[in-house]
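Novice: Kindly generate the complete structure, drawing on both the sequences and the hints.
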Amino acid sequence: MNHLLRGHAPVTDEGWAVIDDEAHQRLAPALAARKLVDFEGPRGWEHSATSLGRTAEIPGPEGLRARQRRVLPVVELRAPFAVSREELRDAARGARDIDFSGLDEAVRRMARAENVAVFHGWREAAIVGIGDATPHTARPLGDSYAEYPSLVAQAVETLLSAGVSGPYGLALGPDGYTGVVETTEHGGLVVFDHLRAILGGPIVWAPGVQGAVVVSLRGGDFVLEVGEDLSIGYEHHDAQSVHLYLEESFSFRAVSPDAAVALSA
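Per my numbering, the sequence shown starts with residue 27, numbered consecutively.
In short, the hints are calculated from the structure, not lab data.
The structure presented is a predicted model; accordingly, all values stated were derived computationally and were not measured.
Think of the CB as a built atom: it goes at the ideal place given N, C-alpha and C, for glycine as much as any other residue.
Possibly wrong hints are sitting among the right ones.
[As the list claims (entries may be wrong)] Listed next, the in silico SDA-like pairs over lysine to any residue satisfying Cα-Cα at most 20 Å (straight line):
#1 K61 / G237
#2 K61 / T204
#3 K61 / D284
#4 K61 / D255
#5 K61 / S191
#6 K61 / A159
#7 K61 / D247
#8 K61 / V249
#9 K61 / D201
#10 K61 / G246
#11 K61 / P283
#12 K61 / H146
#13 K61 / L250
#14 K61 / G147
#15 K61 / A223
#16 K61 / L243
#17 K61 / Q236
#18 K61 / W231
#19 K61 / R134
#20 K61 / G226
#21 K61 / R244
#22 K61 / H50
#23 K61 / R222
#24 K61 / R279
#25 K61 / D219
#26 K61 / R138
#27 K61 / G245
[Claimed, not checked] Restraint ranges, calculated between C-beta atoms of paired labels, are given here:
#28 S110 / P283: 44 to 50 Å
#29 R115 / P161: 54 to 60 Å
#30 D64 / Q94: 24 to 30 Å
#31 D125 / R149: 34 to 40 Å
#32 S176 / R93: 45 to 51 Å
Specialist: What follows is the structure, given as structure tokens:
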């Protein structure tokens, strides 16, 4: 029995399989950061911090010097939700149209929080996001999606000039992603296809991202380190519902901040 306490829930093995599968299907498209930065882990629930390989000098006993190791602690995120016991019974009967609206909302909030932490930071969790870490001046996107290829090409040129090789990926907030998909340039070329040709890598739908971020995919520049990967645990139940939660623990660090360019909204 681990800390998720799934064995205490009034949910069959088949029911857990349905819940886990639904969560996976909903999470996969929304976890944008994992498509563009290095993923390390999962290290397990017991993993508490990442060594930064550095120290800070602190006052020591008389006649002695003292240095304290610097670490980046993981942050735990939990999103509670509930599933109707009647819906779970119908799932056991073979129903396929189960109401997982609570799970949908939990997935949306968790994926958005992870994306925001990676791309924009989370001060309270000591996470500096890519947009704040990069030394390159943020470029304004403007209102015309047809101009995105020129702006992204300039961002790629900035990275090349800094000695940062490709391929490159682009994280776009939902509105920007939709606009890029729907827009064509003069001559009929779809903006989405033009951007992919410039980047040499993916364009990622990224809930929570404001504006856009161009990131090198050469590897080793940005690290999302996960203790416990996204998992579903049991909280309690009553006559009508089983109360569950979606949980993860992670840290993020920009090893080479110059390997990205932010495009501000």
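Novice: Please go over all the hints and tell whether each is borne out by the structure.
Specialist: Structure-based check of all given hints:
no. : hint                    : verdict
1   : K61 / G237              : 17 Å, holds
2   : K61 / T204              : 18 Å, holds
3   : K61 / D284              : 19 Å, holds
4   : K61 / D255              : 15 Å, holds
5   : K61 / S191              : 18 Å, holds
6   : K61 / A159              : 19 Å, holds
7   : K61 / D247              : 14 Å, holds
8   : K61 / V249              : 12 Å, holds
9   : K61 / D201              : 19 Å, holds
10  : K61 / G246              : 14 Å, holds
11  : K61 / P283              : 17 Å, holds
12  : K61 / H146              : 16 Å, holds
13  : K61 / L250              : 11 Å, holds
14  : K61 / G147              : 17 Å, holds
15  : K61 / A223              : 18 Å, holds
16  : K61 / L243              : 9 Å, holds
17  : K61 / Q236              : 17 Å, holds
18  : K61 / W231              : 10 Å, holds
19  : K61 / R134              : 17 Å, holds
20  : K61 / G226              : 14 Å, holds
21  : K61 / R244              : 13 Å, holds
22  : K61 / H50               : 15 Å, holds
23  : K61 / R222              : 15 Å, holds
24  : K61 / R279              : 16 Å, holds
25  : K61 / D219              : 19 Å, holds
26  : K61 / R138              : 14 Å, holds
27  : K61 / G245              : 12 Å, holds
28  : S110 / P283: 44 to 50 Å : 46 Å, holds
29  : R115 / P161: 54 to 60 Å : 57 Å, holds
30  : D64 / Q94: 24 to 30 Å   : 27 Å, holds
31  : D125 / R149: 34 to 40 Å : 37 Å, holds
32  : S176 / R93: 45 to 51 Å  : 49 Å, holds
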